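A.B. asks: Here's the letter readout for the chains.
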Amino acid sequence: MSPSVPLQEMIRAIRSARTQCEERGVIQRECAAIRAQFRQSDNGGRSHNLAKLLYVHMLGYPAHFGQMECVRMIASPRYSEKRVGYLGAMMLLDEKQDASLLITNSIKNDLSHSNQYVQSLALCTLACMGSAEMCRDLAPEIDRLLRASNSYIKKKAALCAVHIVRKVHDLGELFTPAARSLLAEKNHGVLHGAVVLITELCERNQETLERFRKTVPDLVQIMKGLVISGYSPEHDVAGISDPFLQVRILRLLRILGRNNEGASDAMNDLLAQVATNTDSTKTVGNAVLYETVLTVLHIKSESGLRVLAVNILGRFLLNNDRNIRYIAMISLQKIVGTDHNAVQRHRGTIVDCLKDQDASVKRRALDLSLALVSASNVRSMMKELLLFLSSCPPELRAQAASGIFNAAERYAPSQRWHIDTILHVLTTAGGDVRDETVPNLIQLITNASELHCYTVHKLYRALLTDISQQSLVQVACWCIGEYGDLLLRGECQETEPVQVTEDDVLDALETVLQSHMSSPATRGFALTATMKLSTRITDNVDRIRSIVSIYGSCIDVELQQRAVEYNALFRKYDHMRYATILLVHSNNVHTVSISFERFVLKMQSSVFCSGSNRQVSPLVFLPQVCDLLDLLGGSEVTLQPIPAVGGTAPGLFTNTSSTTGGDLLDLLGGLEPAPPFFCSELSYLIFSAAPTVQVYEKAGVALTLSCEKQSDSGLTVTLTASNSTDSDISSFTLQAAVPKVCLIKHAIPTHTHQQTSFLC
Amino acid sequence: MQFMLLFSRQGKLRLQKWYVPLSDKEKKKITRELVQTVLARKPKMCSFLEWRDLKIVYKRYASLYFCCAIEDQDNELITLEIIHRYVELLDKYFGSVCELDIIFNFEKAYFILDEFLLGGEAQETSKKNVLKAIEQADLLQELNAFNVN
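Top line first, the protein sequences correspond to chains A and B. First residue of the first sequence? That's 1 in the UniProt record's numbering, and the numbers climb one at a time after it. First residue of the second sequence? That's 1 in the UniProt record's numbering, and the numbers climb one at a time after it.
Simulated from the structure, these hints should not be mistaken for laboratory data. Bear in mind that the values here come from a model prediction, so they are computed numbers and not experimental data. Each residue gets a CB set at the ideal place from its N, CA and C atoms; glycine is no exception. This list has only true hints and no planted wrong ones.
In silico DSBU-like pairs for lysine-lysine, Cα to Cα no more than 30 Å straight-line: (1) K127/B <-> K108/B; (2) K128/B <-> K282/A; (3) K186/A <-> K127/B; (4) K224/A <-> K300/A; (5) K59/B <-> K355/A; (6) K300/A <-> K334/A; (7) K186/A <-> K282/A; (8) K96/A <-> K27/B; (9) K96/A <-> K29/B; (10) K28/B <-> K96/A.
Covered by chain A, according to a simulated footprint, are these stretches of chain B (three or more residues, beta-carbon under 8 Å): (11) 44-57; (12) 69-80; (13) 116-124.
Not the full set, but computed from the structure, chain A residues with beta-carbon under 10 Å of chain B: (14) I11; (15) L54; (16) G130; (17) S131; (18) A158; (19) R166; (20) I330; (21) D358; (22) V361.
For reference, chain A alone in the conformation it holds in the complex:
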């Protein structure tokens, strides 16, 4: 076909423009000329003009003024004009434009044109941009063409019908009979179109699917013909006969065989044959194998066939072609739930793919590896995954880290392994872990009480090496604050102990405090840890005091507040420092901006003494309390320093020696309500209480308290009073008080009359 000279000249002119501005100029001139030409009624160059406009449109310039010209050209009797007109319609008109309706009539006429190439144009355009309305209008025409025309038209009519069905689902009914008969055709193009049409019909309508199941034997026959028969040069692609048709047939078989034993049986042999005989050296063969595998895995196939399919995927994994490896992994991902064991067999290869260069392949391998972690292979898999984490692309880090955490949580063989794994992740990818990781890890460490010494040693060493990973530093600081005494003791069973002095430890914490790499949250952790150490170390309390007071004038408000409160603790409540510090065993100090001073005062205000009948008021509970509440008559109780114990045991709370009942009342004024999360902190304290504690024993009266956690926010405290004196005690009443944020519900006491050696 001879080229369009005017078109080519224009293209040359546009391309020779050196700047965007110049190009715009050329195009504006051309468009003006074209517009002028359009206005002229009939000239020989109409198709050239429209073609020029379409080129300009492709470059991104507006071309809507050409729409009406398209409509006119389509109606032209000249083939050359029709051809470009229809092309223009497909490019400039879409179903949303009103002008598209105008061409419906032209299309209708052209569908019955005597020349098949004109018919072809109409069919192509309808299938490309036909709106629902146009489809409804022209469907009967298409049905007619499906039945009574030559192969060239039939194949196009079939695909046009596909488009119609996609646009107007109900019209599927119309095409079903014709589709069925098309399967008997020999022409590959028609067969292909027929299979696509039947696939579409079956996907849309269950009833239609049932009806078409009867065609399975026919489809199997056609497939067999393609696979077994000799070389057909016309349809051959690298030794495979018409792979496009094969793939479509396999896909249709998949739909027909799903959830149906009969149909699946009928295609079993064929699938096995295709799976074994198809040459897999070229992409085209692999395309057919891929479709076969998908079909086998989605119908009710025999187990032998399924194994064959998974093995094909396994072979794909070893293929040099990266595309094939990617395809394999996608498919394996889809069946890892249902055929887990089969996929497990290829675990080694999948793990190797973690080292692939391509990021998409890596991502697939990561997803699949995480899905394959199980209790039996967790150690080896985790090793590979951690290795991957250290060199993986940044966009995959967060996913890898969280995947590793989940897997570790589910399958950790031991607590120590679990802690080690988390620490490893924090060291390698600390910046990409989620926020809950820090409190979760702290919880984990707390629960692993035998490993406290080991953990604090590991974290201390990690801290010395690198303070840039915030999550790691936060956990390390917390740990040192909590278990610093274990560190200083210099002995450890699980790992080589460090020989550190108190100064060394404080140095480490101070480095964190002062480093520009530390976030405000991290600094908070470090400061609190430093403060906590004041109860665990003996020599350097002054140093701690000085560190804390420096931060009293820190710019960061959070830090400043803490520092000021800690300072206050040093100054005013030094005697209570131990108790208070031991009490604050919080998971996430960062979010609980609990005011120590207020906390202390609240505690005091909760304790009240009422009268002299040996009545006792329980309060928020702390186990290992002895002589808790002998407040009667203003007796003074001094604080004893409590030796550092494991983190789960909050310590002792006693009254201050300098206040009596009267002063307590004074302190009640001017107190703001505690922050809401105070309650959860408090409940945490309560919940870490030991079950039963004897809180009072004097003159034969013994009181024990036991706590039972009812729910996340509720706690039952039971007071058991026993009387081992000879006389009765009467009018025994119970009064209880809690800080404002907690609600208390009294249960009715079971006895008010205490008799000798009666327990109530």
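Position chain B against the provided structure of chain A, taking the given hints into account.
C.D. replies: The following block gives chain B in isolation, referenced to the frame of chain A:
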């Protein structure tokens, strides 16, 4: 198939065939983003990528990228074969096709595509038949002088 794009290594669009109804604005946006994404990929990388909710299959032939967006149920590997078949058709038609051929004869590239794919699906699986049809249609166009009615 939802659409096919051909673009150069500089990101210039040489052919766009859309099988789904989208506004001009949306088409431009999709084109821009997809072209950027594909051009950013390194040579040895996989031909498949997931973009928005579509599967993208692309292949580079000399200075042109052939990029198709297919649906979830479509077979990626056979799409590569479809792309290859189209290139073969262009090659046969133009005789050792190069980018310039497609630039200066873009309407013919469309005509060939429309003889090979219809409504986003392959309509003719025989190379010979496609080329024969194009030849006949071209001949008809040559006889421009005569009305076809």
